[in-house]
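So the sequences go chain by chain: G and V.
Under the working numbering, the residue at position 103 of the first sequence is numbered 103, and the numbers go up by one with no gaps.
Under the working numbering, the residue at position 28 of the second sequence is numbered 1028, and the numbers go up by one with no gaps.
Derived from the structure by calculation, the hints contain no laboratory data.
Each hint should be verified, as a subset may be incorrect.
What the hints assert, rightly or not - Pairs of lysine to any residue residues, derived as SDA-like cross-links and limited to a Cα-Cα distance of at most 25 Å, are as follows:
| id | chain 1 | residue 1 | chain 2 | residue 2 |
| --- | --- | --- | --- | --- |
| 1 | G | 12 | V | 1253 |
| 2 | V | 1028 | G | 274 |
| 3 | V | 1253 | G | 274 |
| 4 | G | 12 | V | 1163 |
| 5 | V | 1121 | G | 271 |
| 6 | G | 12 | V | 1028 |
| 7 | V | 1028 | G | 149 |
| 8 | V | 1253 | G | 134 |
| 9 | G | 12 | V | 1119 |
Stated by the list, open to error - Sample of chain G residues with no beta-carbon within 12 Å of chain V, all distances over it, derived:
| id | residue |
| --- | --- |
| 10 | 179 |
| 11 | 272 |
| 12 | 279 |
| 13 | 323 |
Using N, Cα and C, we set each Cβ at its ideal position, and we do this for glycine too.
What follows is the residue order along each chain.
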Amino acid sequence: MITGTGITKTFKQRGSVLGAREVRALRGVDFAVEAGGAVSFIGESGCGKTTLGRIIAGLETYDSGEIVIDGVPMSGLGHRRRQPYFRRIQLIHQDPYSALNPTRTIHQTLEAPLALRAKQTGRPRSWVDARATELLSLVGIDPGYVLPRYPHQLSGGMRQRVVIARALTMDPEVLVADEAVSMIDVSLRLGILALLKDLRVRLGVGVLFITHDIATARYIGDDSELYVLYRGQVVERGPTETIITRPVHPYTQSLLSATPVLHGLELPGAERVVPTEALDPGGSDEGCLFAPRCPFATQLCVERRPTLSHDGTTLQEHACLHPRVRSVIPVDAVNRAEPGTEQRTGTEADTGARG
Amino acid sequence: MSPDPTAPTSHAHSAPGVRVRGLTVVYKTPMGELPAVSNVDLTLAPGTITGVVGESGSGKSTLALCLLNAVQPPGRIAAGSVEIDGLGDVVELGGEELRRARGRHVGYVFQAAQNSLNPLKTIGKQLLDLGRSHGVADLRALVRDAKDLLARMGMDGARVLDSYQHELSGGMRQRVGIMLALVLNARVVVLDEPTTALDMITQATILRIVREVHDERGLTTLVITHDVGAVAEVADDLAVMYGGRVVEHGPVKEVLGDPRHPYTQGLIRAIPRLSGDIGEARALPGRPPTLGTLPAAGCVFRERCDRRMDVCDTVEPVALTRDGRTVACHAAAEDADRRLTAARRKEFA
Ligand SMILES: Nc1ncnc2c1ncn2[C@@H]1O[C@H](COP(=O)(O)OP(=O)(O)O)[C@@H](O)[C@H]1O
Ligand SMILES: Nc1ncnc2c1ncn2[C@@H]1O[C@H](COP(=O)(O)OP(=O)(O)O)[C@@H](O)[C@H]1O
Ligand code: SF4
Ligand code: SF4
Ligand SMILES: [Mg+2]
Ligand SMILES: [Mg+2]
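Please take these sequences and the hints and turn them into a complete structure.
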């Protein structure tokens, strides 16, 4: 179990067109990932997702807040004594092409961390090769084919599986997958997502899944939790399926509305939300952070910063002064066309609940 | 000859049509010359947006480069033609003629345009270079047009032209790429993976801009992507590529709503979606072929096909067009025959 409370991080940027400025990448983020659990963070580029992932993996410092790993607060430990804890959290990068050393075979890539692991745990050398084979099978690739090859000889999907296998050499409790499927062909994404879901069940590994594509978050398990991050603040949080079918925050609704509609297969949601302007990560810090782009902003929104909380009417928590469920996601065109086949509990059912 | 390139606006009826016929492109490899594009026929109707989808390595970028006759060694166009209205067969063009056609007739936004700008020069400087290399006499007018286009796409033109690539976000660079492709008044525009690596909101913005500029300027547009979603909303027609072949082509709504080629069906089933049954979605089994693993005879998709028949091992399916839908598959051809017979029977009953 790993929890974070009030994590903040500010970057000072130099040399931009606008001169030096501060970017508040994280503004007091709370989260919890349980063994075998799954948590997704979604948001546009620049909202702080990668920064959070790197902090959780111990690769980036934070300004304030507390991270607790297996009951041990990290703030009480020096840099060296934190390392064994952070090693239980392994980061999987977005880019399977640059994540692997091109001059090493897959065998060499897996051998180094496994040899270290064998030493740490007092296992014999022979365990290393057996474990490499076992891990590659676990991630769904043929060890005989992959072990002698170099990364450039493998497809993007295979490479990402190798990267996951390498992360598993450390027997992690939590995998942080930062845009782990974004650079892989769409045709192969579900395979990697199914693998992550499978690892949760089979190894009890927790998954912290970072993505800008909300749809992918549905596929890492129907018990997963969704966190919507906007300019370093969590603005909506709750069960993934609830937030996708009944989003209340206009930012979440914007993200969902931006997911393309597969015309012919789907009909667009009736109330799609489009932000009024582009994201400015260093924009105004007054009131609601989304107010400059929110089509529903009122004077109150400019004056007051809403905080993440339950309002008693929805399952999820949100940070919006005017929450309202909107039907923004596509509706199945086929089900819509045939009355009487409305088995979905999604958007259609929501129509009556809109306030 | 071509329509007046200085005309600021015009309408869809004057947009050029593009007809690719029997196109084959080969790359020299240690195993000899192998085809990345095989005997492709593809028509882009004037004024439409066509999306070309397919997995990495299916030949999309190679096909797109042929619209500019820009395939580089070790590749070459081995057969076929690319007829563009007002320009003729691009495959036959060379030298100065071809250089002028690029940019003036056909605008191209390269794959990863986000990183293809020169990091050492401001955008404005690169614009002037482009103008000079095409012998544009009135560079001031060119800058004005560029600013108008950038403003049209929601950006401060003057500021963007003064910027270096690294000062712009991914979405801004992509818009700069579109501006550079359009500023010489090209009427055929090719966008290779225009939204890959952009987040969803930025992608939606870019696609909306592509559609609007396309309509306003009366363009014929080709959008290439591995992500069906990235064209589903913007394209009129969809062409699906596999192993260097166009295996299915038709109106986007019909292809997505009623896919006929087993590959198209698998590709659509593999899309992570916001609606629909999670359990029904699955990744396409197996992996895409490479030049070296493409079978020489029979259907190139058969290793991954759930409807494979004996004939598929030996005879390559030809592309058949019925009711505006083109499909190259033995099983789909049987389905079509069955539908036809059933329809006839109904008629006579
Ligand atoms: N090392 C850094 N130096 C300065 N600014 C940074 C650094 N890393 C990230 N940022 C800024 O912090 C914000 C959040 O970035 P990031 O965590 O990468 O977001 P995301 O992964 O959601 O795209 C952005 O505005 C980004 O420019
Ligand atoms: N310069 C090249 N030399 C050799 N093979 C190439 C070259 N460029 C592309 N290919 C091969 O041609 C095929 C099609 O490539 P490409 O057109 O880039 O496909 P896509 O854009 O669909 O990913 C691939 O198998 C690729 O490996
Ligand atoms: S608080 Fe106001 S500005 Fe912020 S998201 Fe809600 S409605 Fe929009
Ligand atoms: S031709 Fe045969 S193998 Fe190829 S897609 Fe059709 S049924 Fe499948
Ligand atoms: Mg990131
Ligand atoms: Mg390509």
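Cross-check of the supplied hints:
1. Proximity of residue 12 of chain G to residue 1253 of chain V is assessed by CA-CA distance (about 48 Å); at most 25 Å being required, the pair is judged violated.
2. Between residue 1028 of chain V and residue 274 of chain G the CA atoms are separated by roughly 48 Å; this puts the pair beyond 25 Å, and the hint is violated.
3. The hinted pair formed by residue 1253 of chain V and residue 274 of chain G meets the criterion: a straight-line CA distance of about 23 Å does not exceed 25 Å.
4. The hinted pair formed by residue 12 of chain G and residue 1163 of chain V meets the criterion: a straight-line CA distance of about 21 Å does not exceed 25 Å.
5. At roughly 43 Å between alpha-carbon atoms, residue 1121 of chain V and residue 271 of chain G are farther apart than 25 Å, so this suggested pair is violated.
6. Proposed proximity of residue 12 of chain G and residue 1028 of chain V is contradicted: the alpha carbons are some 50 Å apart, above 25 Å.
7. Among the hinted pairs, residue 1028 of chain V with residue 149 of chain G is consistent with the structure: their alpha-carbon atoms are about 23 Å apart, no more than 25 Å.
8. Of the supplied pair hints, the one linking residue 1253 of chain V and residue 134 of chain G is violated, its CA atoms being roughly 45 Å apart against a limit of 25 Å.
9. Among the hinted pairs, residue 12 of chain G with residue 1119 of chain V is consistent with the structure: their alpha-carbon atoms are about 23 Å apart, no more than 25 Å.
10. The claim that residue 179 of chain G lies off the interface is violated: its Cβ sits roughly 9 Å from the closest Cβ of chain V, which falls inside the 12 Å cut-off.
11. Non-interface call for residue 272 of chain G relative to chain V: violated, since the shortest CB-CB distance, roughly 10 Å, does not exceed 12 Å.
12. With a minimum CB-CB distance of about 8 Å to chain V, residue 279 of chain G fails to clear the 12 Å threshold, and the non-interface call is violated.
13. At roughly 20 Å, the least C-beta separation between residue 323 of chain G and chain V is larger than 12 Å, which holds for a residue marked as non-interface.
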